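Student: Read top to bottom, the protein sequences are chains A and B.
Following this note's numbering, the numbering of the first sequence begins with 7 at its first residue and continues without gaps.
Following this note's numbering, the numbering of the second sequence begins with 7 at its first residue and continues without gaps.
Calculated from the structure, these hints are not laboratory results.
Remember, predicted model here, so these are calculated numbers, not experimental data.
A few of these clues could be false.
Because identical chains share one entry, a pair is satisfied inside a single copy or across any pair of copies.
[As the list claims (entries may be wrong)] Within a straight-line C-alpha distance of at most 25 Å, the following computed SDA-like cross-link-like pairs (lysine to any residue) qualify:
#, residue 1, residue 2
1, K113, L27
2, K80, G49
3, K47, G33
4, K113, T31
5, K113, T43
6, K80, N30
7, K113, R76
8, K80, N58
9, K133, Q103
Number of protein chains: 2
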Amino acid sequence: MSTATHYPTTPELAAEVADQLNYNTDGLIPAIAQQNTADGKGGEILMMAWMNREAVVETLTNARVCYYSRSRQKLWRKGESSGQEQSLIDFRWDCDQDTVVMLVEQKGVACHTGRHNCFFNAVRDGKVQIIADVEISPDDLYG
Amino acid sequence: MSTATHYPTTPELAAEVADQLNYNTDGLIPAIAQQNTADGKGGEILMMAWMNREAVVETLTNARVCYYSRSRQKLWRKGESSGQEQSLIDFRWDCDQDTVVMLVEQKGVACHTGRHNCFFNAVRDGKVQIIADVEISPDDLYG
């Protein structure tokens with residue numbers, strides 16, 4: 007199923023979606039960013055971060071991913087400092103309406119360490135190892 | 007990179023991994039289950055649930071996914087009621103050590119609604135729609 011033309015939405019539809027979601031006691035919902043693929047199933051999981059209602063509405067109406075930064079306590083327009091933006095292709099939520107999956111086109115790398123995705127720790131050969139290389143120096147991302 | 011032989015781990019290594027993770031104030035960490043693929047990047051995102059430290063250790067040492075049910079407040083061995091088990095292929099965690107991605111082989115369907123994955127709500131043609139069919143009746147899953 008082609009999903010490329012369903013986003014951005016109108017502000018009214020974005021509000022309808024945002025109202026359907028269940029936020030936690032901090033007003034946040036986890037949002038998983040996954041690389042879009044031609045078959046619509048998605049590929050590499052890039053990162054997970056959090057959204058508040060305002061970030062959901064902005065993401066849907068701009069078709070550019072905006073999270074809520076828990077540490078900075080404000081909207082976090084992905085790529086605003088690093089240039090590593092995420093274009094929204096699809097926005098799906100689950101049976102309990104308390105988790106979001108977004109299919110995205112990632113510009114550059116998703117992780118602040120300069121790796122393509124954030125999930126680079128795993129067990130290999132009987133010990134904990136880093137399984138992905140740094141593609142862009144953090145100094146170049148944020149320098 | 008082949009990942010099939012790295013799990014299950016020893017109890018000692020499972021404890022080492024569990025100690026590296028950052029749990030929230032409820033002692034939980036979000037865990038995303040993704041269908042394993044031959045290229046190691048993973049495909050369809052099946053579900054997201056939560057784990058406590060005990061669930062992490064059990065999952066790693068059994069290579070079968072065990073969550074922690076927030077509603078029932080106890081370990082939730084995925085498939086124990088429905089038969090829809092998840093075999094663990096890889097267990098990865100992120101830069102902040104506060105989110106887990108698991109590559110799994112899903113038996114049957116992941117969602118309690120009988121759909122293959124939980125993320126079946128999305129915008130299509132200007133309105134909110136259900137984008138996936140029920141594959142197994144919930145009555146058959148839990149009847």
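Student: With reference to the structure, classify each hint as holding or not holding.
Tutor: The hints, checked one at a time:
1. In this homomeric assembly, K113 and L27 never come within 25 Å of each other (Cα to Cα): the closest approach is 27 Å inside a single copy and 28 Å across copies.
2. Taking the shortest Cα distances, K80 and G49 never come within 25 Å of each other, neither inside one copy (29 Å) nor across copies (31 Å).
3. Taking CA atoms no more than 25 Å apart as the test, K47 paired with G33 passes in neither setting, with 28 Å inside one copy and 31 Å between copies.
4. In this assembly of identical chains, the alpha carbons of K113 and T31 never lie at most 25 Å apart, being 32 Å within a copy and 33 Å across copies at closest.
5. Within a single copy, K113 and T43 get their C-alpha atoms as close as 15 Å, and across copies as close as 23 Å, so both meet the 25 Å cut-off.
6. With identical chains, the CA atoms of K80 and N30 are at most 25 Å apart both within one copy (17 Å) and between copies (20 Å).
7. Proximity of K113 and R76 under a CA criterion of 25 Å is satisfied intra-copy only: 23 Å inside one chain copy versus 36 Å between copies.
8. For the identical chains of this complex, K80 and N58 are intra-copy neighbours only, at 9 Å inside a copy versus 28 Å across copies, given an alpha-carbon limit of 25 Å.
9. Taking the closest pair of Cα atoms, K133 and Q103 come within 25 Å of each other only across two copies (16 Å); inside a single copy the shortest separation is 37 Å, beyond that limit.
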